[in-house]
Amino acid sequence: MIRVAAVGDIHMGPDSQGLLRPAFDTLDECADLLLLAGDLTRHGTPEEARVVGREVRGLPVPVVAVLGNHDHHDEQPEKVTGILQEAGVTVLEGEGTVVECAGTRVGVAGTKGFCGGFVGRSAGEFGEPLMKEFVRYTRRSADALHGALEDLGRDGCDLRIALTHFSPVADTLAGEPLEIYPFLGSYLLAEAIDTAGADLSVHGHAHMGTEHGMTAGGVRVRNVAQPVIRRAFSVYRLHAA
Numbered sequence: 001m002i003r004v005a006a007v008g009d010i011h012m013g014p015d016s017q018g019l020l021r022p023a024f025d026t027l028d029e030c031a032d033l034l035l036l037a038g039d040l041t042r043h044g045t046p047e048e049a050r051v052v053g054r055e056v057r058g059l060p061v062p063v064v065a066v067l068g069n070h071d072h073h074d075e076q077p078e079k080v081t082g083i084l085q086e087a088g089v090t091v092l093e094g095e096g097t098v099v100e101c102a103g104t105r106v107g108v109a110g111t112k113g114f115c116g117g118f119v120g121r122s123a124g125e126f127g128e129p130l131m132k133e134f135v136r137y138t139r140r141s142a143d144a145l146h147g148a149l150e151d152l153g154r155d156g157c158d159l160r161i162a163l164t165h166f167s168p169v170a171d172t173l174a175g176e177p178l179e180i181y182p183f184l185g186s187y188l189l190a191e192a193i194d195t196a197g198a199d200l201s202v203h204g205h206a207h208m209g210t211e212h213g214m215t216a217g218g219v220r221v222r223n224v225a226q227p228v229i230r231r232a233f234s235v236y237r238l239h240a241a
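Once you know that position 119 of the sequence shown is 119 in this note's numbering, the rest is easy, because the numbers rise by one and skip nothing.
Don't read these hints as lab results, they were simulated from the structure.
Nothing here was measured: the structure is a model prediction, and the numbers come from that model.
Cβ coordinates follow ideal geometry from the N, Cα and C atoms, glycine included.
Hints should not be assumed to be uniformly reliable.
[Unchecked claim] Label-pair ranges, simulated between beta-carbon atoms:
id, residue 1, residue 2, range
1, 220, 147, 20 to 30 Å
2, 14, 177, 26 to 36 Å
3, 43, 174, 35 to 45 Å
4, 214, 122, 12 to 22 Å
5, 60, 175, 13 to 23 Å
6, 208, 241, 33 to 43 Å
7, 1, 127, 47 to 57 Å
8, 120, 60, 37 to 47 Å
9, 211, 15, 19 to 29 Å
10, 214, 1, 17 to 27 Å
11, 100, 15, 35 to 45 Å
Could you put the whole structure together from the sequences, leaning on the hints where they help?
As structure tokens, this is what we get:
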């Protein structure tokens with residue numbers, strides 16, 4: 001059994017330094033790795049990223065992250081990524097990584113993802129170039145997630161996890177206004193997860209959503225936005241086949 005700790009949308013700034021560290025220091029007692037599902041900062045500034053870096057540096061378990069929309073706001077995602085990497089965090093965007101946990105190879109495929117909506121109520125690649133690019137950006141994210149999950153499968157991982165910021169399903173958005181569902185995720189991410197295969201999908205972004213959901217293919221989805229889980233992190237248990 002592998003214990004996966006996860007949280008997103010911690011939105012850290014200078015005044016929140018040390019807020020989560022006491023809980024994170026206990027991770028070796030209850031988890032084998034920590035997933036960070038984006039929106040780690042408030043505005044995506046290097047100063048805020050350094051706060052996050054200090055919060056997770058030297059933790060007793062591996063830390064894997066994706067960025068969120070807030071982490072892009074200052075238009076310096078490369079700097080944010082570099083600061084987190086210097087703190088020992090593996091930051092993914094359209095790629096995967098393998099973590100060895102108690103003799104089990106756990107593969108994590110990650111992408112921020114993007115908007116677009118869900119089956120029957122989604123944006124399409126039609127009309128103005130800006131609309132086409134809007135949907136194509138999401139499709140590229142989903143395609144990269146699909147490829148990373150497939151690569152992890154070929155690499156012989158015992159378990160595979162899809163880590164995103166935007167949601168792959170509408171289930172975990174319950175509680176959010178229906179009008180903003182298209183801006184909280186895309187069914188293309190779920191299609192990528194179901195066709196490539198995964199044991200768990202973790203995302204954030206939907207602060208007023210619901211923790212538990214599932215893809216059409218039966219993959220468990222968990223919304224770990226901190227306003228939803230209301231704790232420093234949640235822990236999910238996975239059993240290798």
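Quick rundown of the hints versus the structure:
The hint said 20 to 30 Å for the Cβ distance between residue 220 and residue 147, and at roughly 22 Å that hint holds. Checking the proposed 26 to 36 Å range against residue 14 and residue 177 shows it holds: the Cβ atoms sit about 31 Å from each other. Roughly 28 Å separates the CB atoms of residue 43 and residue 174, a value that falls outside the hinted 35 to 45 Å. For residue 214 and residue 122, the Cβ-Cβ distance of about 19 Å falls inside the hinted range of 12 to 22 Å, so the restraint holds.
The hint said 13 to 23 Å for the Cβ distance between residue 60 and residue 175, and at roughly 33 Å that hint is violated. Between residue 208 and residue 241 the beta carbon distance is about 35 Å. The supplied range of 33 to 43 Å therefore holds. Remark: the range hint 47 to 57 Å for residue 1 to residue 127 is upheld by a beta-carbon distance near 49 Å. Separated by about 45 Å at the C-beta atoms, residue 120 and residue 60 satisfy the suggested range of 37 to 47 Å.
For residue 211 paired with residue 15, a C-beta distance near 27 Å keeps the hint of 19 to 29 Å intact. At about 20 Å, the CB distance of residue 214 to residue 1 agrees with the hint of 17 to 27 Å. The supplied range of 35 to 45 Å is met by residue 100 and residue 15, whose beta-carbon atoms lie about 36 Å from each other.
Hints 3, 5 from the earlier list are contradicted by this structure; the remaining hints agree with it.
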